[in-house]
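Read top to bottom, the protein sequences are chains A and B.
Each residue of the first sequence is one higher than the one before, counting from 1 in the numbering used here.
Each residue of the second sequence is one higher than the one before, counting from 1 in the numbering used here.
No wet-lab data here; the hints were simulated from the structure.
There's no promise every hint is true.
[Unchecked claim] Derived DSS-like pairs (lysine-lysine); straight-line CA-CA distance at most 27 Å:
1) K246(A) / K40(B)
2) K248(A) / K214(B)
3) K102(A) / K218(B)
[Stated by the list, open to error] Residues from chain B that face chain A, not an exhaustive set, calculated with beta carbons under 10 Å:
4) G71
5) E149
6) L233
Each residue gets a CB set at the ideal place from its N, CA and C atoms; glycine is no exception.
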Amino acid sequence: MVRSFFHRHGKFQPVAPDDGRAEQKIPDDLWVKCPRCQELLYSKQLEQNARVCPKCAYHFRLRARERIFLLADDGTFHEWDKDIAPRDPLGFADGSGTYAEKLVTTRRKSGETEALVTGRATIGGHRVALAVCDFDFLGASMGSVFGEKLVRAIERAGDRNIPLLTISASGGARMHEGMFSLMQMAKSVAALARLGNAGVPHISLLTDPCYGGVTASYATVADVILAEPGALIGFAGPRVIEQITKQKLPEGFQTAEFLLQHGMIDLIAERTSLRTTLTTLLAHYGRAADHQAMLNPAPRHRPSEVALTLTEQGVVAAHVPALSLAGRSVSHAEPSPHHE
Amino acid sequence: MSDQVDDLVSAHSTALIGVNGGPPAVTGTAPRPTAWDRVKLARHPERPRTLDYIERLTTGFIEMHGDRSAGDDQALIGGMAQFGDRTVMVLGHQKGRATNENIARNFGMPRPEGYRKAERLMTHAAKFGLPVVSFIDTPGADPGISSEERGQGVAIAESLLTMADLPVPLVAVVIGEGGSGGALAIGVADRLLMLENAIYAVASPEGCAAILWKDAAKAPEAAETMRITAPELLRFEIIDAVIPEPTPAHLAAEATIKAVGAAIAHHLDALESAYLRGDPRGGDRLRADRYAKFRRIGSWRDGPF
Numbered sequence: 001m002v003r004s005f006f007h008r009h010g011k012f013q014p015v016a017p018d019d020g021r022a023e024q025k026i027p028d029d030l031w032v033k034c035p036r037c038q039e040l041l042y043s044k045q046l047e048q049n050a051r052v053c054p055k056c057a058y059h060f061r062l063r064a065r066e067r068i069f070l071l072a073d074d075g076t077f078h079e080w081d082k083d084i085a086p087r088d089p090l091g092f093a094d095g096s097g098t099y100a101e102k103l104v105t106t107r108r109k110s111g112e113t114e115a116l117v118t119g120r121a122t123i124g125g126h127r128v129a130l131a132v133c134d135f136d137f138l139g140a141s142m143g144s145v146f147g148e149k150l151v152r153a154i155e156r157a158g159d160r161n162i163p164l165l166t167i168s169a170s171g172g173a174r175m176h177e178g179m180f181s182l183m184q185m186a187k188s189v190a191a192l193a194r195l196g197n198a199g200v201p202h203i204s205l206l207t208d209p210c211y212g213g214v215t216a217s218y219a220t221v222a223d224v225i226l227a228e229p230g231a232l233i234g235f236a237g238p239r240v241i242e243q244i245t246k247q248k249l250p251e252g253f254q255t256a257e258f259l260l261q262h263g264m265i266d267l268i269a270e271r272t273s274l275r276t277t278l279t280t281l282l283a284h285y286g287r288a289a290d291h292q293a294m295l296n297p298a299p300r301h302r303p304s305e306v307a308l309t310l311t312e313q314g315v316v317a318a319h320v321p322a323l324s325l326a327g328r329s330v331s332h333a334e335p336s337p338h339h340e
Numbered sequence: 001m002s003d004q005v006d007d008l009v010s011a012h013s014t015a016l017i018g019v020n021g022g023p024p025a026v027t028g029t030a031p032r033p034t035a036w037d038r039v040k041l042a043r044h045p046e047r048p049r050t051l052d053y054i055e056r057l058t059t060g061f062i063e064m065h066g067d068r069s070a071g072d073d074q075a076l077i078g079g080m081a082q083f084g085d086r087t088v089m090v091l092g093h094q095k096g097r098a099t100n101e102n103i104a105r106n107f108g109m110p111r112p113e114g115y116r117k118a119e120r121l122m123t124h125a126a127k128f129g130l131p132v133v134s135f136i137d138t139p140g141a142d143p144g145i146s147s148e149e150r151g152q153g154v155a156i157a158e159s160l161l162t163m164a165d166l167p168v169p170l171v172a173v174v175i176g177e178g179g180s181g182g183a184l185a186i187g188v189a190d191r192l193l194m195l196e197n198a199i200y201a202v203a204s205p206e207g208c209a210a211i212l213w214k215d216a217a218k219a220p221e222a223a224e225t226m227r228i229t230a231p232e233l234l235r236f237e238i239i240d241a242v243i244p245e246p247t248p249a250h251l252a253a254e255a256t257i258k259a260v261g262a263a264i265a266h267h268l269d270a271l272e273s274a275y276l277r278g279d280p281r282g283g284d285r286l287r288a289d290r291y292a293k294f295r296r297i298g299s300w301r302d303g304p305f
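Construct the complete structure from the given sequences, taking the supplied hints into account.
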């Protein structure tokens with residue numbers, strides 16, 4: 001009787017997990033309601049199941065550090081560049097205040113300094129460079145710091161010859177930084193072009209939600225694209241499409257399953273087996289590299305001077321030789337006092 | 001709308017911005033156009049379009065159709081053409097003028113097959129050592145169901161990747177509307193130029209206002225704070241030069257097209273001299289410097305909080 005109350009069958013089944021996707025924070029409460037199947041879940045049980053509903057396999061959203069905790073081998077994560085901070089290059093203000101103010105409140109609320117957490121770790125014993133979105137920081141929108149941290153992670157992955165794993169959940173480019181944000185798409189993809197030329201793999205995991213400038217840049221320039229079940233992934237947002245085309249969206253539109261069906265992603269990765277999937281993938285690339293080294297013992301990839309200037313703490317001294325080559329001081333970045 | 005735009009013209013023609021971002025030579029007392037004024041100028045239906053530039057600046061244009069996969073996008077066109085004494089690969093967004101043409105051109109909003117065609121033509125250009133010249137004029141990428149089904153995001157991303165790695169010079173000119181990712185997809189260039197009344201934005205001012213102000217009618221305010229005008233973007237060093245429009249392009253098509261042609265020729269010559277003349281590996285240096293150019297774009301603070 002009670003059981004059937006919790007299992008809402010038939011016509012009581014909610015149609016879509018449209019409600020409160022953004023509001024699924026696990027509170028201190030003991031019980032959490034699954035937004036898809038409405039099941040009441042014991043929060044500890046949910047935690048133990050990697051925040052996947054044990055009844056309907058709904059994947060709750062994760063913060064960046066929760067993801068890293070779930071994926072990285074214990075104690076192996078070393079963060080990079082956590083002290084790069086955003087600025088307000090446009091002097092941007094909207095109806096609710098300035099960007100500068102918004103950054104202060106977002107930083108306080110999220111506990112993060114930016115929307116992307118980067119670093120190195122091992123997964124199943126394999127070394128990886130990680131770049132993970134935190135959707136709670138301004139919808140993990142991609143601005144200058146997001147782009148810079150991402151590119152530094154890509155460059156380190158290239159210099160050290162370790163695979164890159166990006167985990168995305170983002171609304172797209174950050175409007176508050178205008179064209180600086182749009183150009184991060186070009187910047188991150190250009191860095192990936194070099195990573196690809198160096199033969200270092202990029203594995204991209206798309207999670208709920210992925211839109212706009214992230215879907216149209218680094219997140220889909222990958223050797224393998226994985227997506228979490230049910231994740232919404234697209235270029236234009238569903239509401240925009242509906243408003244502009246006046247068409248009703250097909251069922252399941254822009255879900256990971258929809259993308260798989262249309263040939264846009266390699267596979268759907270269940271979170272509960274994600275570590276295994278990644279470990280297997282990383283083993284393939286590791287084995288391939290080892291085999292190449294056996295066939296041709298000359299080092300295929302020599303760390304450049306760039307690597308020597310990028311330290312573990314993420315302190316960067318003249319981090320790109322090309323910067324000085326170009327001869328224009330453009331980066332708008334204030335040099336860190338550490339550099340001198 | 002066009003009444004307002006016409007009112008603007010006299011005020012506007014007094015404000016000139018130097019190619020290298022020099023101070024505006026204001027010769028009258030009329031105010032400089034606002035960002036929103038420039039949005040209207042950039043979208044003016046009589047503004048010269050990509051095909052007008054191709055027609056007047058090149059000869060022997062052979063339009064190359066199709067992405068060899070799904071279709072031929074009329075909103076993003078391209079082909080080989082003779083420009084001066086070079087053959088170049090021309091790419092550009094094409095808006096229509098009359099309603100019918102606009103529908104055929106999808107209002108200049110490319111679908112995935114447009115980006116895949118552009119990518120195909122860029123690869124073709126690399127194969128034969130043709131410089132790439134692109135004309136940017138789009139409200140943005142097509143936001144339709146079928147475009148999503150066929151991978152709009154991936155198509156744009158792969159176009160960015162192809163451009164980042166191209167061993168031939170790329171010169172892009174924003175001639176009207178530079179609409180977000182749809183514009184960037186043919187804009188990862190060695191030299192990015194903008195007409196004085198063109199705009200280039202991460203989102204349309206209306207879209208930005210709808211999201212951040214919850215009111216699309218606040219678009220003029222959004223346009224201002226988003227810093228989408230050519231002089232502002234030159235100051236941020238996101239673009240490389242502003243091509244002056246002493247008279248707005250829709251009233252001085254011939255002069256505008258000529259000025260754009262001269263700017264493209266200047267930058268192609270400069271890139272060729274700096275990288276390709278007498279250096280068979282110049283393409284590698286070109287790519288390295290293109291990376292450096294994009295690598296440093298951003299605004300951040302290093303150091304502990």
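Decide if the proposed pair is consistent with the structure: K246(A) and K40(B), CA atoms, cutoff 27 Å inclusive. 25 Å, holds
Should the interface hint for L233(B) be scored as holding, given a Cβ-Cβ cut-off of 10 Å against chain A? Holds, because the Cβ-Cβ distance from L233(B) to chain A comes to roughly 6 Å (cut-off 10 Å).
Between the alpha carbons of K248(A) and K214(B), is the straight-line distance 27 Å or under? 23 Å, holds
Can G71(B) be said to touch chain A, with a Cβ gap under 10 Å? Since chain A brings no Cβ nearer than about 16 Å to G71(B), farther than 10 Å, the hint is violated.
Restraint check, 10 Å cut-off on beta carbons, for E149(B) near chain A: 5 Å, holds
Is it true that the CA of K102(A) sits at most 27 Å from the CA of K218(B)? Satisfied, since the Cα-Cα distance of roughly 19 Å is no more than 27 Å.
Hint 4 alone, counting from the list given before, is not met by this structure.
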